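Visitor: Sequence:
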Amino acid sequence: MKPIKPIVTEDPKKLYDYINLKITGFLSEESDWLANFSNVSAILKLLLSDINWAGFYFLKNEELVLGPFQGLPACTRLKIGKGVCGTAVEEDKIQLVEDVNKFPGHVACDEASNSEIVLPIHYKDKVIGVLDIDSPKIGRFKEIDMEGLRKIVYSIEQYIDFKNMEFI
Numbered sequence: 001m002k003p004i005k006p007i008v009t010e011d012p013k014k015l016y017d018y019i020n021l022k023i024t025g026f027l028s029e030e031s032d033w034l035a036n037f038s039n040v041s042a043i044l045k046l047l048l049s050d051i052n053w054a055g056f057y058f059l060k061n062e063e064l065v066l067g068p069f070q071g072l073p074a075c076t077r078l079k080i081g082k083g084v085c086g087t088a089v090e091e092d093k094i095q096l097v098e099d100v101n102k103f104p105g106h107v108a109c110d111e112a113s114n115s116e117i118v119l120p121i122h123y124k125d126k127v128i129g130v131l132d133i134d135s136p137k138i139g140r141f142k143e144i145d146m147e148g149l150r151k152i153v154y155s156i157e158q159y160i161d162f163k164n165m166e167f168i
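So the sequence shown is numbered by our numbering: it starts at 1 and just counts up by one.
Think of the hints as simulated: they come from the structure by calculation, not from any bench.
It is possible that some hints are incorrect.
Unchecked claim - Straight line, CA to CA, 30 Å or less: simulated DSSO-like cross-link-like pairs of lysine-lysine:
#: 1; residue 1: 13; residue 2: 45
#: 2; residue 1: 124; residue 2: 142
#: 3; residue 1: 5; residue 2: 142
#: 4; residue 1: 137; residue 2: 14
#: 5; residue 1: 14; residue 2: 82
#: 6; residue 1: 93; residue 2: 124
#: 7; residue 1: 79; residue 2: 14
#: 8; residue 1: 82; residue 2: 60
#: 9; residue 1: 102; residue 2: 137
#: 10; residue 1: 163; residue 2: 124
#: 11; residue 1: 79; residue 2: 163
#: 12; residue 1: 13; residue 2: 79
#: 13; residue 1: 93; residue 2: 79
#: 14; residue 1: 5; residue 2: 137
#: 15; residue 1: 60; residue 2: 45
#: 16; residue 1: 45; residue 2: 5
#: 17; residue 1: 14; residue 2: 142
#: 18; residue 1: 142; residue 2: 45
#: 19; residue 1: 93; residue 2: 45
#: 20; residue 1: 93; residue 2: 82
#: 21; residue 1: 126; residue 2: 102
#: 22; residue 1: 102; residue 2: 5
#: 23; residue 1: 124; residue 2: 79
#: 24; residue 1: 142; residue 2: 102
#: 25; residue 1: 79; residue 2: 60
#: 26; residue 1: 102; residue 2: 45
#: 27; residue 1: 5; residue 2: 79
#: 28; residue 1: 13; residue 2: 142
#: 29; residue 1: 79; residue 2: 45
#: 30; residue 1: 151; residue 2: 126
#: 31; residue 1: 151; residue 2: 137
#: 32; residue 1: 79; residue 2: 151
#: 33; residue 1: 60; residue 2: 93
#: 34; residue 1: 82; residue 2: 102
Stated by the list, open to error - Derived CB-CB ranges, DEER-like:
#: 35; residue 1: 60; residue 2: 11; range: 35 to 41 Å
#: 36; residue 1: 7; residue 2: 125; range: 18 to 24 Å
#: 37; residue 1: 125; residue 2: 146; range: 19 to 25 Å
#: 38; residue 1: 111; residue 2: 90; range: 34 to 40 Å
#: 39; residue 1: 99; residue 2: 126; range: 17 to 23 Å
#: 40; residue 1: 79; residue 2: 17; range: 33 to 39 Å
Since we're looking at a predicted model, the values are computed, not measured.
Glycine is no exception: its CB is placed at the ideal position from the N, C-alpha and C atoms.
Please build the complete structure, drawing on both the sequences and the hints.
Guide: Written as structure tokens, this is what we have:
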């Protein structure tokens with residue numbers, strides 16, 4: 001695999017297309033789920049601007065458990081229905097939060113985080129985890145980010161071999 005280099009573009013769609021291309025390249029060459037989720041979080045942290053955390057939580061025994069990530073140490077376990085991640089799982093809906101300090105029940109794992117986007121990940125039509133990205137900048141995430149990240153989650157759902165995850 002060739003090294004990934006940040007690109008300079010004012011067009012967020014082009015950036016997300018580039019990120020998805022790089023992620024798909026990694027996912028198509030590796031079968032191990034842990035290696036794949038680790039690389040996806042690293043790619044997102046490297047290529048997205050104004051973020052301080054990118055990673056995954058997986059559903060285990062009715063709670064979300066921390067998975068591969070890039071950023072400061074994070075909360076290890078999150079309750080379904082609590083905080084942005086737990087709400088994304090409970091509602092099976094993308095959460096785009098402009099200001100986490102105004103989100104009811106927000107769980108502050110990193111006090112520097114001010115905005116957040118969380119996307120559910122599915123396997124066999126069931127939510128099995130989430131992609132969580134935080135930013136220190138209020139209002140960092142927009143509809144274009146949601147659309148670009150939705151395509152990335154779709155790629156994850158298509159390429160990662162979830163049946164080899166011990167908790168599925």
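Visitor: The structure should be examined with respect to each hint, and the outcome stated for every one.
Guide: Results for each hint:
1. 13 / 45: 17 Å, holds
2. 124 / 142: Since the Cα atoms of residue 124 and residue 142 sit roughly 28 Å apart, the hinted pair holds (cutoff 30 Å).
3. 5 / 142: 24 Å, holds
4. 137 / 14: 22 Å, holds
5. 14 / 82: Roughly 34 Å separates the two Cα atoms, so the pair is violated.
6. 93 / 124: Measuring from Cα to Cα gives roughly 16 Å; hence the hint holds.
7. 79 / 14: Violated: residue 79 and residue 14 sit about 35 Å apart, past 30 Å.
8. 82 / 60: With Cα atoms ~15 Å apart, residue 82 and residue 60 stay inside 30 Å; holds.
9. 102 / 137: It holds: about 14 Å lies between the C-alpha atoms, which stays within 30 Å.
10. 163 / 124: 10 Å, holds
11. 79 / 163: 24 Å, holds
12. 13 / 79: Cα-Cα ~33 Å, so violated.
13. 93 / 79: Holds. Residue 93 to residue 79 sits at ~16 Å (cutoff 30 Å).
14. 5 / 137: 23 Å, holds
15. 60 / 45: 25 Å, holds
16. 45 / 5: It holds: about 12 Å lies between the C-alpha atoms, which stays within 30 Å.
17. 14 / 142: 15 Å, holds
18. 142 / 45: 17 Å, holds
19. 93 / 45: Holds, at roughly 23 Å.
20. 93 / 82: Holds, at roughly 14 Å.
21. 126 / 102: Measuring from Cα to Cα gives roughly 29 Å; hence the hint holds.
22. 102 / 5: Outside the cut-off at roughly 35 Å; violated.
23. 124 / 79: 22 Å, holds
24. 142 / 102: Satisfied, since the Cα-Cα distance of roughly 17 Å is no more than 30 Å.
25. 79 / 60: Roughly 11 Å between the alpha carbons, so the hint for residue 79 and residue 60 holds.
26. 102 / 45: Measuring from Cα to Cα gives roughly 25 Å; hence the hint holds.
27. 5 / 79: 36 Å, violated
28. 13 / 142: 12 Å, holds
29. 79 / 45: Holds. Residue 79 to residue 45 sits at ~25 Å (cutoff 30 Å).
30. 151 / 126: 18 Å, holds
31. 151 / 137: 23 Å, holds
32. 79 / 151: Between residue 79 and residue 151 the Cα gap is close to 26 Å, so the pair holds against 30 Å.
33. 60 / 93: Holds, at roughly 19 Å.
34. 82 / 102: 14 Å, holds
35. 60 / 11: 35 to 41 Å: For residue 60 and residue 11 the Cβ distance comes to about 38 Å; the hint holds.
36. 7 / 125: 18 to 24 Å: 35 Å, violated
37. 125 / 146: 19 to 25 Å: Holds: the Cβ-Cβ distance is about 21 Å, inside 19 to 25 Å.
38. 111 / 90: 34 to 40 Å: 24 Å, violated
39. 99 / 126: 17 to 23 Å: 31 Å, violated
40. 79 / 17: 33 to 39 Å: Because 35 Å falls inside the window, the suggested range holds.
Of the numbered hints stated above, those contradicted by the structure are hints 5, 7, 12, 22, 27, 36, 38 and 39, listed in ascending order.
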